[in-house]
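S.K.: Sequence:
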Amino acid sequence: MPRIAFLAVVVAALVPALVALPSAQSAAPRRVEGRVVADDTGDPLVNAKVGFSTTAAAHATLTDGEGRFAIDTTPGIARLAVTKAGYARRDVALQAGRVVGDVRLARTAVITGRISYANGEAAVNVAVSAGVPVPGSQSSFSVRATSVTDDQGEFRLSGLSEERVVVAAQVFGARNVMRYFPGVESLSDAELLDLKAGNESDRIDLSLPESADGSIIVDGGTMFIATPPLRPPGPDEQVTVVRGRVVSATGGVVAGALVRLTQQARSGGATTRSDRDGRFAFADVVPGPFLIGASKNGFSSEGSPFGRLITVTATGADAELTLTPWGSVTGRVVDELGEPVQGAAMQLLRLQFKDGQRRLVSAFTRTTDDRGVFRIFGVAPGQYILSASAGDVSTAELPGYTRTFYPGVTDA
Numbered sequence: 023m024p025r026i027a028f029l030a031v032v033v034a035a036l037v038p039a040l041v042a043l044p045s046a047q048s049a050a051p052r053r054v055e056g057r058v059v060a061d062d063t064g065d066p067l068v069n070a071k072v073g074f075s076t077t078a079a080a081h082a083t084l085t086d087g088e089g090r091f092a093i094d095t096t097p098g099i100a101r102l103a104v105t106k107a108g109y110a111r112r113d114v115a116l117q118a119g120r121v122v123g124d125v126r127l128a129r130t131a132v133i134t135g136r137i138s139y140a141n142g143e144a145a146v147n148v149a150v151s152a153g154v155p156v157p158g159s160q161s162s163f164s165v166r167a168t169s170v171t172d173d174q175g176e177f178r179l180s181g182l183s184e185e186r187v188v189v190a191a192q193v194f195g196a197r198n199v200m201r202y203f204p205g206v207e208s209l210s211d212a213e214l215l216d217l218k219a220g221n222e223s224d225r226i227d228l229s230l231p232e233s234a235d236g237s238i239i240v241d242g243g244t245m246f247i248a249t250p251p252l253r254p255p256g257p258d259e260q261v262t263v264v265r266g267r268v269v270s271a272t273g274g275v276v277a278g279a280l281v282r283l284t285q286q287a288r289s290g291g292a293t294t295r296s297d298r299d300g301r302f303a304f305a306d307v308v309p310g311p312f313l314i315g316a317s318k319n320g321f322s323s324e325g326s327p328f329g330r331l332i333t334v335t336a337t338g339a340d341a342e343l344t345l346t347p348w349g350s351v352t353g354r355v356v357d358e359l360g361e362p363v364q365g366a367a368m369q370l371l372r373l374q375f376k377d378g379q380r381r382l383v384s385a386f387t388r389t390t391d392d393r394g395v396f397r398i399f400g401v402a403p404g405q406y407i408l409s410a411s412a413g414d415v416s417t418a419e420l421p422g423y424t425r426t427f428y429p430g431v432t433d434a
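Take 23 as the starting number for the sequence shown in my numbering and just add one per residue.
A few of these clues could be false.
[Unchecked claim] Beta-carbon label-pair distances, calculated as ranges:
1) F328 to D86: 31 to 41 Å
2) G205 to D258: 43 to 53 Å
3) L116 to P327: 44 to 54 Å
4) G273 to K218: 23 to 33 Å
5) G158 to G310: 55 to 65 Å
6) G378 to V154: 53 to 63 Å
7) A271 to A434: 23 to 33 Å
8) G220 to V154: 47 to 57 Å
Everything labelled a hint here was simulated from the structure, so no lab data went into it. Computed from a predicted structure; not experimentally measured. All C-beta atoms in this analysis are idealised placements derived from N, C-alpha and C, irrespective of residue type, glycine included.
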């Protein structure tokens with residue numbers, strides 16, 4: 023498959039910034055202190071995140087060089103969540119005292135694999151989860167970790183503890199499809215994976231039925247376009263053929279592209295695949311105005327995702343559809359100690375000018391995994407600015423980091 027040059031990026035350490043935690047305005051806060059250590063070695067864990075959430079906001083702090091933390095909790099908070107990249111999350115119950123002692127984090131268990139369709143193509147943006155079956159239920163499981171497949175169909179589930187879990191993949195669209203590893207439709211038939219701290223269960227691969235609902239990738243996200251059948255011709259109506267070819271903007275033809283022909287007035291349509299020469303044909307088409315478009319994983323469509331206007335006459339119509347190979351940006355986010363930052367929000371930004379003012383407009387967003395690794399796909403050729411910001415709470419609530427732009431500066 024033709025592709026544009028691959029872009030590799032490694033983001034420098036997030037830049038330290040001093041930000042104070044806001045104090046509670048109602049009842050007096052309760053300060054809780056403790057230390058976070060590795061379960062296997064007892065060594066202190068630096069920059070572990072300790073926090074809690076209320077209906078109003080999320081609050082968090084980071085452990086210091088000795089693994090120690092101190093956080094002011096609001097009334098009614100009974101548990102603290104402790105997380106660090108490469109380790110399983112632990113929830114700590116708060117007792118009457120102010121010191122929780124040592125919080126021991128075990129190394130995370132990891133599950134990796136690939137989701138594909140029956141035709142071998144990567145299944146992109148598929149929701150994957152690992153969970154523990156609910157006793158007595160034939161269809162429910164308690165989710166422990168979630169992920170989404172990338173443009174290669176690959177996924178990574180982390181933050182898992184030692185227990186037995188099932189892995190499920192679900193596609194949302196005109197019809198929802200659920201499959202459990204090793205490729206079964208029923209939860210009761212799913213294989214239980216026996217997870218161990220620090221171990222990786224790899225090659226947990228699943229095959230899904232070939233997508234028939236016309237899902238396409240737009241700016242790295244999935245759009246579903248339902249295509250009802252074409253209206254059958256009347257007894258006195260003339261029919262014709264729409265032919266064409268799918269080509270790449272960088273040269274050559276595109277085989278296996280999904281081509282969609284949609285009646286503009288009645289919304290009915292038909293789909294087919296381009297052959298090895300990039301050619302396609304729709305037979306028994308009643309003349310009139312149509313929208314025609316093509317899509318394939320690894321390519322961006324020209325113009326609107328719904329296609330472009332084409333007029334089919336009594337002699338038929340010919341159309342050449344152009345797809346542009348997209349690119350990917352990959353890299354890794356580390357802190358000032360060189361350790362991975364999990365959950366950092368990575369943004370590709372386009373530079374735009376309006377009324378003489380420079381603006382940064384978000385084009386793509388992804389988050390880093392337990393290795394600090396990210397992959398942004400579906401990127402059209404062009405110039406972008408890459409930024410990293412700390413996790414799932416606002417910068418003001420997470421002392422120590424501020425938004426950073428590649429290659430490690432605070433100003434774009």
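S.K.: Does the structure break any of the earlier hints, and which numbers would those be?
M.R.: Failing hints, ascending: 1, 4, 8.
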